[in-house]
Amino acid sequence: MKILFGVILTVLVATSLGTYLSYPDARSEVPVIYWVTDRNPARVLQVQRFHEWLVKNGHVTEDGKPVVELRLDMANRDQAKQIIQTVSGVASEVLDVGGGQAMRLFRQMEVIEDVTDEALAMGFDPSQTYAALESEITVDGRQYLFPCNVSAQGMWVNEALFESLGIGPIPARWTFEEFERLGKEFMAKANPPGTRPDQKRFFANSIPPVTMRRSAGVSMFNETLTASALNDSRYVEVLELQRKWIYEDNILPTPDDTSAFASEQGYGGPTLSLFGSGNYAMVTGGRYFLIRFRDFDNLGQLRVVEFPHGGFPNTTIGTRAAMVYTGADRPDLGKLFLAYLASEDYNELIIEDADALPPNPKFTKSEAFLRPPKYPNEWGTHGQFVKMAEEIAIPLVHSPFVLTNVANNRSDDYSELFMAFRISAEEAALKSAQAIDEAIRDEVERKPELQPLYEERLVLQEKIDAALAAGQKVPAEWIKNPFHLRYYAAQGKLLPEGEAAPETSAAVTTP
Amino acid sequence: MTRERRNLIAGVAFLTPNILGVVTFVVFPVVFSLYMAFTNWDLTLHNMFKEDASVEFVGLENFIELVTGDRFPRFLGNTLFFMMGIPFSVAASLIAAMLLSSDTRAGGGKNYLYLLSGIGLIAGVMMLTVVGAGATAMTILLVGAAAGILLAGVGGGLTFYRTLFYTPHFVAGVATFILWGKLYSATNGPINLTLQPALSGLGGVVNGTPAVLYSGLFWVGLLLMLAMFYWGSAKLRRMIVDGDLGKGAAVVPFGLLLIPVVVGCVWGMTRQAWWLLALGAVAILAYHAWVYSQRTDRFPAKSSEGFGSGFVIALMVLVVQFVLLGLSPVMGALPAMSEVSATSDGLTAPSWLTDVGWAKPALMIMGFWAAIGSNNMLLYLAALTNVPGELYEAANIDGAKPLQRFWNVTWPQLAPTTFFILVMATIGGLQGGFEMARVMTQGGPAGATTTLSYFIYQEGFETGRLGYASAVAWALFLLIFSITLFNWKFGNKYVND
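Heads up: the sequence lines are chains A and B, in that order. Mind the numbering: the first sequence is residues 1 to 511 in our numbering, read in order. Mind the numbering: the second sequence is residues 1001 to 1497 in our numbering, read in order.
Take the hints with a grain of salt, since some may be wrong.
[Unchecked claim] Which chain B residues face chain A? A few, computed with CB under 10 Å, are given here: (1) 1002; (2) 1272; (3) 1357; (4) 1360.
[As the list claims (entries may be wrong)] Listed below are several chain A residues computed to face chain B (Cβ distance under 7 Å; list not exhaustive): (5) 2; (6) 85; (7) 89; (8) 109; (9) 198; (10) 255; (11) 256; (12) 396; (13) 403; (14) 406; (15) 408; (16) 416; (17) 420; (18) 455; (19) 456.
Rather than coming from a laboratory, the hints here were simulated on the basis of the structure. Quick caveat: nothing in here was measured; it's all calculated off a predicted structure. For every residue, glycine included, the Cβ atom is placed at its ideal position computed from N, Cα and C.
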């Protein structure tokens, strides 16, 4: 028995040693870093190009090899895994996240590198990407991310389908009323009586609730991000309109309609196949949809239009961005990778692959981007996405006083209840606002370090409310919500720079 | 060193890796999570990169938040709702085990019956196909599957059926959930494609009969619920008289029987009949009290005697009462629900996974299906083989009918197994629901399918509140522990009685 025990122990030690020696880190002559990203075959080429970029830019060892070996980790993209690994000290050097929401969580944990200084020195500071993304990659003026790609959302239009039905043209910018009128016309013409549920055609797959709400002038949070702003009659109207389009007019599919389609899966899910098959005449998404669209035969001429609006045209802008883990052995090498993301070499790859918009907008003016010779049916769509990103795009809003996913979950519960005809729109708006406010109160109570900023912002909010109620303009520096900054600018409610702030009863130092 | 000592050291050496594993990955995390439950541990505030931040002891703060907040009670309610399926799934497992313990090839013309049924069904399927019944593809599939099962049973007999019934247990959970997602598709899922014609037919029948009939059924349903209340309380009264149930022990069972009556009085859908329910319940209780006072042949019992038996009976009656209570307003509303108009399609099959009201029952039905062919069925199969044949012989000599044989021989003999299954199912039910919520509904719609286990995951790994998540986990443990203790104390007694 003792011999058996000894043999087992020896075998275990030997196999452990073998595993260690065969591990890439042990075999590489240069430091190895890992990039946690999604499962996309394009990443292999992006890594290869990174090694070439290192050589081209002199980041080499004495014998001319790249100073670092980048490897892909596609198994740990899930945010829960990233949280556990980062706080446990075992995460990879470079981590992809879905923008400002996740970044703020990791920043609060203090597990990611502040790259502000290196970004300026190495050329990947916020000026190297879209202005609208600033709050997605920075917090309080400090930078933590750089985009791997950028996505401004729009509506892809199947031109051939509309032409065949004699409808259109679909306006590049349109109101809720125009959308509804054309939608009803489309549904009547595209679905003759007796159409089977799994063959039904819909005007569009969805309209993002955030964009609809914002177009009516409503944000999830108030100007200082200290409370919810959802308890608003304009939000009530938007909720009712949304439900009407889905359940009454049925120009957008119900969840049951969606599940009726037995469609193939794949990148982007079944929605893109349904666009290709003509079941959806329009789909909501970004330039990255082209990755699938290029596989479809006979898709015909494509167009991209803005979302319908209720007075304030807008869209959302987001990013899949990379951050550097503080606990990494060589965070400096991770920052080198972020610099690569701003380079022409990397941006060219994104342009070729149509993997959303390239992080650096200066590369979007080229013919290769605007009119790729192989895909003439896409001409016009690329430039439209850049135009939307530069002119009407607003990032998602994140409050320092509550995690964005918590606020979203709380409000979604009530909007879903409204959509299920369980509560009224007024109740949904009121209860959403109350739930978010409660989450904010809890968070501030739990984290006393937030208290001073919160108190300061409350006073500021009073000033803003008083000024707006008196019909006065407010200084831009008072507004902390990126939506309100854009909305008030469009409404002419912002004071021109350098003009004195309005007198109000509440004395406050502008934070 | 003595031989004994050497052997001891060798034994400990063999065990050490395992012990270390258990201590490191089980004992330590469990104990540590108890400590965490009383702290403000939040990953955004405390982790290895925040050296100056220390975790603070917050006493019962996390537990107070559990009780005062609205989410824990809501998700506990969801969990308990799913657990309502446990008695049904245990009963179904027992029925499955009894069916599978009888030899399907044991003469009596059964084989011919199966063969003929199978061939008949296949012939039907072929005829449907020949006449081009494309729209009834689902019917063809279902009938074909039934025929296949019958015919395979003729060939494979018990082995085939036992394997078939046990299949859900060895199919990977996620694959099952995806499959059920397809089955539940509201527009073209097999379930609704089968259900919709039946509902349309029912709608036609309802529309063709006077509406007053259905409003009458509303009251009939409530009267039946009162009848169940009468039956349950009469059973308890007889137990008291016979000395099987102490007066003190009878309080909770009687209380359980009253719950559906009280709910019926305050529930919006049945509130209009509160007077009937209230008067009926009072009259029934008064009648039992009067009958009890008239009996002179009472056997004395200790106050706490027979609690387990009384509790189990009351629980079973309670479930039936609630079913009747739920069905009554549905019957009353049938004419309105069946009416086809510009704004209504009449009786339609439910949107199983996307409707706030149906998502929970949908997942419960799926759990019920999985539970029928689970280890419970295997345990019952094993237990059934252990029932002494002499008992059945004795019952036969006494002239017992099949139902009496089951009630007086099989059921008591299976009591220890049933007790074990109930305890394990209760524990599993309280802990479960995570995978199906994550894969099928992400806890939605509107949190309707978020169970406590999924809530723990959300709080711990999506928002980083480890202290609060640990408190939820320990509250869940306390709940499981209390219920198991309760089961053990009273259920065990019931089994041994």
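Cut-off 7 Å, beta-carbon criterion: hint that residue 2 of chain A touches chain B: Holds, about 6 Å.
Hint validity - residue 89 of chain A Cβ closer than 7 Å to any chain B Cβ: 6 Å, holds
Hint check, residue 1357 of chain B versus chain A [nearest Cβ-Cβ separation less than 10 Å]: 8 Å, holds
Satisfaction of the residue 198 of chain A interface hint, Cβ to chain B closer than 7 Å: 5 Å, holds
Restraint satisfaction for residue 1272 of chain B [CB to CB of chain A, less than 10 Å]: Constraint on residue 1272 of chain B not satisfied, violated at 22 Å.
Residue 406 of chain A as an interface hint toward chain B, with CB separation required under 7 Å: It holds, given that the least Cβ distance between residue 406 of chain A and chain B is near 6 Å, below 7 Å.
Interface hint compliance - residue 420 of chain A to chain B, C-beta minimum distance less than 7 Å: Check passed: Cβ of residue 420 of chain A comes within 4 Å of chain B, closer than 7 Å.
Restraint check, 7 Å cut-off on beta carbons, for residue 256 of chain A near chain B: For residue 256 of chain A, the interface hint holds, since the closest Cβ of chain B sits about 4 Å away, which is under 7 Å.
Status of the hint placing residue 109 of chain A at chain B (closest C-beta pair under 7 Å): 5 Å, holds
Closest C-beta approach of residue 403 of chain A to chain B relative to 7 Å, hint status: 6 Å, holds
Restraint outcome when residue 255 of chain A is required to lie within 7 Å of chain B by C-beta distance: 4 Å, holds
Hinted contact residue 456 of chain A with chain B - closest CB pair below 7 Å: Violated, about 21 Å.
Figure legend: structure checked against the earlier numbered hints; hints not met, in rising order: 1, 2, 4, 6, 12, 15, 18 and 19.
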